[in-house]
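Student: Chains as they are written, first to last, in this note's numbering: chain A, 1 to 199; chain B, 1 to 670; chain C, 1 to 140.
FYI, nobody ran anything at the bench for these hints, they're computed from the structure.
Cβ coordinates follow ideal geometry from the N, Cα and C atoms, glycine included.
Don't take each hint at face value.
Result set (EDC-like, lysine to aspartate or glutamate): computed pairs, CA atoms no more than 16 Å apart in a straight line [said to hold, decoys possible]:
#1 C:82 - C:44
#2 C:94 - A:53
#3 B:416 - C:44
#4 A:168 - A:190
#5 C:94 - B:383
Per label pair, the in silico range of CB-to-CB distance [as the list claims (entries may be wrong)]:
#6 B:8 - A:127: 53 to 61 Å
#7 B:382 - A:78: 31 to 39 Å
#8 B:118 - A:30: 38 to 46 Å
#9 B:148 - C:110: 28 to 36 Å
#10 B:313 - A:131: 21 to 29 Å
#11 A:43 - C:110: 19 to 27 Å
#12 C:110 - A:134: 50 to 58 Å
#13 C:40 - A:67: 30 to 38 Å
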Amino acid sequence: MTTPETPAPAGMNWRRASMAGLVALPIIALLAFGLTRDPGEINSPLPGKMAPDFALEVFATGEPGQQRAVGDTIRLSELRGQVVVLNFWASWCLECRREHQALTEVAADYATRGVKFYGVLYNDSPSAGKRWIEQMGGQSYPSVNDPRTRTAIDYGLYGAPETFFISKDGRVAYKHIGAVTDQLLSQKLDSLLAAPGAP
Amino acid sequence: MTRAIGASSLYVSLAVTVAALLLVTFGARRAQAGWLRAGYAATYLQFGLMTAATFAMIFGLVAHDFSIDYVAQVGSRATPLYYTVISLWGALEGSILFWGWVLALLTALVVFWNRSREGNLIPYTTATMLGVGIFFQFLLVSPAFPFGAVSPVPPDGPGPNPLLQNHWLMGIHPPLLYLGYVGMTVPFAFAMGAMASGEVGDGSWIRLSRRWTLGAWAFLTAAIIAGMWWSYEVLGWGGYWAWDPVENASFMPWLTATAFLHSVMVQERRGLLKLWNLNLVVATFALTILGTFLTRSGVLSSVHAFTEGLIGYYFLVAIAITLLASFVLVAGNSERLVSFGKLEGVASRGTVFLFNNLLLTAFTFTVLVGTLFPLFAEAVRGEKVSVGEPFFNRMTIPICAALLFLMGVGPALPWKEADRATLRRKLLGPIIAAGVTLVASVGAGVRSPYAALAFAFAAFAFVANIGEFVEGARARMRLRGESAVDALGHLLAANRRRYGGYVAHLGVVAVAVAITASSTFRAEHEATLKKGESMTVGGLQVRLDEVWGREEPQRSVIGTTVTILKGGREVARLDPRMNFYPTSQQPVPTPAVRSRPSGDIYLNLQAFAQDGTNATLRVIVEPLVPWIWAGGMIICLGAMISIAPFGRRVPAAVVEAEPPMAAPAPVAAT
Amino acid sequence: MVSSVGLVFSLAAPGLLGGDLAAQDAAAPRVAAGDSALERRTREVASGLRCPVCQGLSIADSPSELALEMKGLVREQLAAGKTPDQIRAYFIGKYGEWVLLEPKAEGLNLLVYVLPLTLVVGGALFVIRYVRANSEKRNS
Chain A
1 MTTPETPAPA GMNWRRASMA GLVALPIIAL LAFGLTRDPG EINSPLPGKM APDFALEVFA
61 TGEPGQQRAV GDTIRLSELR GQVVVLNFWA SWCLECRREH QALTEVAADY ATRGVKFYGV
121 LYNDSPSAGK RWIEQMGGQS YPSVNDPRTR TAIDYGLYGA PETFFISKDG RVAYKHIGAV
181 TDQLLSQKLD SLLAAPGAP
Chain B
1 MTRAIGASSL YVSLAVTVAA LLLVTFGARR AQAGWLRAGY AATYLQFGLM TAATFAMIFG
61 LVAHDFSIDY VAQVGSRATP LYYTVISLWG ALEGSILFWG WVLALLTALV VFWNRSREGN
121 LIPYTTATML GVGIFFQFLL VSPAFPFGAV SPVPPDGPGP NPLLQNHWLM GIHPPLLYLG
181 YVGMTVPFAF AMGAMASGEV GDGSWIRLSR RWTLGAWAFL TAAIIAGMWW SYEVLGWGGY
241 WAWDPVENAS FMPWLTATAF LHSVMVQERR GLLKLWNLNL VVATFALTIL GTFLTRSGVL
301 SSVHAFTEGL IGYYFLVAIA ITLLASFVLV AGNSERLVSF GKLEGVASRG TVFLFNNLLL
361 TAFTFTVLVG TLFPLFAEAV RGEKVSVGEP FFNRMTIPIC AALLFLMGVG PALPWKEADR
421 ATLRRKLLGP IIAAGVTLVA SVGAGVRSPY AALAFAFAAF AFVANIGEFV EGARARMRLR
481 GESAVDALGH LLAANRRRYG GYVAHLGVVA VAVAITASST FRAEHEATLK KGESMTVGGL
541 QVRLDEVWGR EEPQRSVIGT TVTILKGGRE VARLDPRMNF YPTSQQPVPT PAVRSRPSGD
601 IYLNLQAFAQ DGTNATLRVI VEPLVPWIWA GGMIICLGAM ISIAPFGRRV PAAVVEAEPP
661 MAAPAPVAAT
Chain C
1 MVSSVGLVFS LAAPGLLGGD LAAQDAAAPR VAAGDSALER RTREVASGLR CPVCQGLSIA
61 DSPSELALEM KGLVREQLAA GKTPDQIRAY FIGKYGEWVL LEPKAEGLNL LVYVLPLTLV
121 VGGALFVIRY VRANSEKRNS
């Protein structure tokens, strides 16, 4: 603000203008930085930590080789020593359709190498889930129901699909938001299988 | 055909606008009246061309011409006509087209009403507006081209975003917002024109743009209130303001424009704050562009955000150019911007305006920092943080309370140093009102000190502003023997600007009281009810009668019929619904609201059993909510009183007499 | 108003009717807590936690399914005697600090609180000085 006593010489105001410019510059830089970011993608604090345990009931059996009976309870704590893939999905989720084939094929491939795949139904009903699996031509691995989305909250879910890779020692090794591809799945699984097992 | 007309209009319009800018600029620099006239004619022509493009789009939408890219993107044969027309602003390209059209309109009007004025102010003002217009028209032919061809032509489209076709307010809020945003270009253009022409010292740009600023401000006010209303009616959480980045983006220019409307009076009366006022005008415009950037770049996630893509970078460049050009012009005009006046006293209205500006600036700054901080934290630490409602409430509620207080003090204080007698006469009533309200609200169980304070200050401001009307009317009745009604009418007519301001203040009081009351006395309950069961909320019985379903052309509706009873007597029957659109995975809540001046009963259907036997309902009883919308209308009424060139010209005794009119009274504005 | 629940429900293609609808045949009706003090404390904690599937709303305000469950979790934990800080820590462990709608006043976050305050205080001092320096004397 100009004070009336001191009529400012022109040169000084140039300095003031460039100072104002210096204030605006970081804001513009910040916005430019923002353009390179996706606000929907939030890094999860979970990778590296122990994966939260759960006990959820199977509602879709999966195919021979990975089959579990409907009503069986899957507990993560009983799967220690094995690599586990948890895929949160829903029948209303469009991205889940895109990743379905990759998941079901890679799961069948890796079943013989001791990798357990489980689908976790998120915010959906088992009947709608079963219908969806039929429509999609089957799912090679079993799916469990998460009736009050408590497991989803435990895993810090933002939406579906999200896929968690759990290492042999029960830690969350990697979390993927959005549809997975077969390359991504096999790459992650190979590196997890190569790692030494839990004591 | 429609596509060809629209597309070619856009291309030709861009060329014409560039030509107009060159003609006007060089016509002014070289004093070539012929070039200037040609430039002005080209300005009208680009408005005509933009109108052609906009109407081509509306025609394409209505005719379901899916060979047009944009229509294929937002149109659908099942969408009702109203929502088909307003899907003009339902997605990025259309909204930029509409924006460009409004800007072209305002540019043509500025030229039309001021073209005969001597000097270079108007040419350079026009040039600035044309420059902004070129930016938007460039977007329209390149990253936001709405008339792209689709082949093969699809038989139908997906329809507009469900959130945008679920409530009639979507036809009101965006155009108001664009008129407000685009309107702020006019005072900015006048400021730039004044600096470029060297006419900034005498402040004539302020007189010429005063009505524009007020008008844009009124539209922005109405837009913000309509946006709140829309959130309230559509989002299903019973709130109206979530400090969402895009809400903040519309609020920040409103704050700086409000600051300007007040501080400009100090400049007009005392010749002070010239540089400051220029800064406010530039900041307001820059914030409107920032707001557009935030809505359209996908930088910050928001309910209202449109899309992502390259367009963000264009806006960033626009913000940079705006700021750069403004800084250069301000620096080049340093000698002309020196203020020589003095305030008339310490305890005077001028001082209040300075503090009002401080608070509004601090308010803007707080909102800006809070909105951009998540980006900053991510850039520095790599971790995302959220800055949401609790932060903004904590930081800004004290500022709001202080502003309410000043809103009472300002009108009560004279421009000249106030003596004790004046202070007592003017402030005793408001202080008593504030005291009584404070005691009463604590007695009524208001526990939050800020809420109690807000009620007290609202009472203070209310009585102080009403007092101005009473005192002015009484003086007329005594001196001229007029009746009370006549005196009040003449008072308003003689000092439209001043009393329009007070009317706006009363509107702000209504909004403040309603917001405080609705958040303080809100009663809320959520329960799963079987058919025939009821729950009790805030003394009301809420009974679930029926769960029903209905197919409509563009959507499926699941609804409930709910009866509200008070003491066994039926007071309302409501039907909160969920609308399922084919394009959306999640249903769009459609709450049912029963509104009375005393408050609302707000019902939202949260969930329902598939067999129709039960439903989960959220019931919110919120007092005084309709007064937020009414208050917004009162504020706009106040602005209209200040702008309007109607009314008898009764000689004013006051110093802030009507400044000379900008131009012959526009016919359109009567 | 035609009561055609069955019709709509049977017509509804799975892609059309969303998760909130489908979830209902699995979830037991939510029990609404009758304890109003608990309800108030739940709201206090929930209004500071950000809903992951919404945009900027708290889990107290959001009508979404996940937010309702998260709010239910808050209610249960409070009823089980957990403190609000423990509950917040649980959610931070799952979602990161992003889940707090008001950033913790520590470290870098202090800036967002301090900058506005600095402007208010600095600005007030400036305005006071300005008014003193630029006012006509009282005797005029």
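Student: In this structure, is the beta-carbon distance linking residue 8 of chain B and residue 127 of chain A contained in 53 to 61 Å?
Tutor: holds (55 Å)
Student: Using the beta carbons of residue 40 of chain C and residue 67 of chain A, state whether their distance is inside 30 to 38 Å or not.
Tutor: Once the Cβ atoms are compared, 49 Å apart, the range 30 to 38 Å for residue 67 of chain A and residue 40 of chain C is violated.
Student: For the range 31 to 39 Å, tell me whether the beta carbons of residue 382 of chain B and residue 78 of chain A fit it or not.
Tutor: holds (36 Å)
Student: Within 28 to 36 Å: is that where the Cβ-Cβ distance between residue 148 of chain B and residue 110 of chain C falls?
Tutor: violated (49 Å)
Student: Verify the proposed pairing of residue 94 of chain C with residue 53 of chain A, using a straight-line Cα cut of 16 Å.
Tutor: holds (13 Å)
Student: Check the following: the C-beta atoms of residue 43 of chain A and residue 110 of chain C are separated by a distance inside 19 to 27 Å.
Tutor: Taking Cβ atoms as reference, residue 43 of chain A and residue 110 of chain C lie about 22 Å apart, which means the hint holds.
Student: Sort out whether residue 44 of chain C lies within 16 Å of residue 82 of chain C, counting only the CA atoms.
Tutor: holds (14 Å)
Student: 38 to 46 Å was suggested as the range; check whether the CB atoms of residue 118 of chain B and residue 30 of chain A agree with it.
Tutor: With a Cβ separation near 44 Å, residue 118 of chain B and residue 30 of chain A satisfy 38 to 46 Å, so the hint holds.
Student: Compare the distance between the alpha carbons of residue 94 of chain C and residue 383 of chain B with 16 Å, and conclude whether the hinted pair is satisfied.
Tutor: holds (14 Å)
Student: Holds or violated: are the alpha carbons of residue 416 of chain B and residue 44 of chain C at most 16 Å from each other?
Tutor: violated (48 Å)
Student: Does residue 168 of chain A pair with residue 190 of chain A here, judged by a C-alpha cut-off of 16 Å?
Tutor: holds (12 Å)
Student: Range hint 50 to 58 Å: satisfied by the CB atoms of residue 110 of chain C and residue 134 of chain A?
Tutor: holds (55 Å)
The earlier numbered hints that this structure contradicts are 3, 9, 10 and 13.
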